[in-house]
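Below are the chains, spelled out letter by letter.
There are 2 protein chains.
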Amino acid sequence: MPPTDKPPTAAMLVIGDEILSGRTKDRNAGHLAERLDPVGIALREIRVVPDETARIVDAVNALRRSYTYVFTSGGIGPTHDDITAAAIAEAVGQPLIEDDRAIAILEEYYHERNLPFTAARRRMTRMPEGSSLIQNRVSAAPGFVALNIYVMAGIPSVFSAMLDAVLPTLQLSEPLKIETVATGLGEGVFGEALAEIAERYPSMSIGSYPRHDGTHYTAEIVIRGIDAGAVADARADIIAMLDELVGEN
Amino acid sequence: MPPTDKPPTAAMLVIGDEILSGRTKDRNAGHLAERLDPVGIALREIRVVPDETARIVDAVNALRRSYTYVFTSGGIGPTHDDITAAAIAEAVGQPLIEDDRAIAILEEYYHERNLPFTAARRRMTRMPEGSSLIQNRVSAAPGFVALNIYVMAGIPSVFSAMLDAVLPTLQLSEPLKIETVATGLGEGVFGEALAEIAERYPSMSIGSYPRHDGTHYTAEIVIRGIDAGAVADARADIIAMLDELVGEN
Chain A
9 MPPTDKPPTA AMLVIGDEIL SGRTKDRNAG HLAERLDPVG IALREIRVVP
59 DETARIVDAV NALRRSYTYV FTSGGIGPTH DDITAAAIAE AVGQPLIEDD
109 RAIAILEEYY HERNLPFTAA RRRMTRMPEG SSLIQNRVSA APGFVALNIY
159 VMAGIPSVFS AMLDAVLPTL QLSEPLKIET VATGLGEGVF GEALAEIAER
209 YPSMSIGSYP RHDGTHYTAE IVIRGIDAGA VADARADIIA MLDELVGEN
Chain B
9 MPPTDKPPTA AMLVIGDEIL SGRTKDRNAG HLAERLDPVG IALREIRVVP
59 DETARIVDAV NALRRSYTYV FTSGGIGPTH DDITAAAIAE AVGQPLIEDD
109 RAIAILEEYY HERNLPFTAA RRRMTRMPEG SSLIQNRVSA APGFVALNIY
159 VMAGIPSVFS AMLDAVLPTL QLSEPLKIET VATGLGEGVF GEALAEIAER
209 YPSMSIGSYP RHDGTHYTAE IVIRGIDAGA VADARADIIA MLDELVGEN
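Top to bottom, those sequences are chains A and B.
Under our numbering, read the first sequence as residues 9 to 257, first letter to last.
Under our numbering, read the second sequence as residues 9 to 257, first letter to last.
Next up, chain A with everything else stripped away, as it sits in the complex (with noise of 0.2 Å):
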């Protein structure tokens, strides 16, 4: 991927019945995005699928062209159900071939550990024709990358440890600059008030998160932006604007 001047944009894509059926809890897309956030790389969309391949293929080439990385968990294991690995050679148009390298480091593993390389094991080897390998620290079984679609495995370790091999291949950028302030008041009360400082400042983003402990509406609010000299003024103002209601109120 060829540096350019837009910062970098990055989709996930979540493959997987049980995370549908609600029997698996997915923590790879907020993993990403945690990890992606600090080094300028904005995590634009997540979409979660079934195993089945054509809904594979249209998110994969969906996702593709409209982000300059494509991440996916799930489905590169041993059974049958493992069906990212084809999906993904049809969505780049690649022959799914049996990897020399990945045959190599599997070969090694589980002669190392006396276990037979059965033809289930062997399903892992396989990627579209051209795939760079994605080794990690936790699984023999490695990943791969195809034009710029990064396949990883569903299992949060070991998608992890594939992440860490990853990121320093990527093209970083600034991230924004952040500031938080909490308060204790509900945004039905400061929404106007934030909404002109918003106003005044277009070229950020300026958040607002609600929560409420049962009883009480609070809020916490996100100033996110390139300049820090304007996030700290835009953070300034905020403050400035609820203490004054506080004293309202």
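Derived from the structure by calculation, the hints contain no laboratory data.
Warning: the hint list may mix true and false statements.
All copies of an identical chain are treated as equivalent in the list; a pair is satisfied when it fits inside any one copy or across any two copies.
What the hints assert, rightly or not - Below, in silico cross-link-like pairs of lysine-lysine (DSBU-like), each with a Cα-Cα straight-line distance of 35 Å or less: (1) 14 <-> 185; (2) 185 <-> 33; (3) 14 <-> 33.
Because the structure is a prediction, the values reported are computed rather than measured.
Starting from the structure of chain A, add chain B where the hints point.
Chain B alone, transformed into the frame defined by chain A:
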């Protein structure tokens, strides 16, 4: 939504910059998945998009045409970044109005508490003309239903209360019969034998979900189908297969 012979389907649209930045972990999609599965509504897709009107409109229009029901969370509060109601109005082609029923509810709510019904709070009465209200036991501010789109709050306790109000109004279906078989074996050991069993039961969804405890891989095999007898037969075949492999390994 008229009843049909086909089981109802659903999609979830999570709206919010805070999820994509990793600041907040979404809990509503997982909660929805857990609630829909037992009542026979198949959650088939989840998307997360930022607080941007065009992105919300595009996602809502794609999802509402593909699924029986669309549920949204987030962006219906009183601040300037709460743009969901206006985006839904645009998506369904209805004018955005301040709903008289919602005004009456909130006027009474704030009057009882000696709080002003501010312009910010009044934003929470906006919805596409012709919507139904989603009232609930936690929040005075209602969600709303426009066409097949159920627009609900982002705060998990309010989202859950709105779902309580909504579920009894939906077209339910027979839930799938589900059996889970836990095994201490790794997927690479039983993958081929499981694939053979899955081929013998084509009407059933047989999935394998690996776990990694830092040292060992184990797995759970989940069988899902309409026919309880066939699910029981598949379960017995899988247990016999695993017993045989344990004897060998």
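Consistency of the hints with the structure:
no.	hint	verdict
1	14 <-> 185	within (17 Å within a copy, 50 Å between copies)
2	185 <-> 33	both (30 Å within a copy, 20 Å between copies)
3	14 <-> 33	both (33 Å within a copy, 27 Å between copies)
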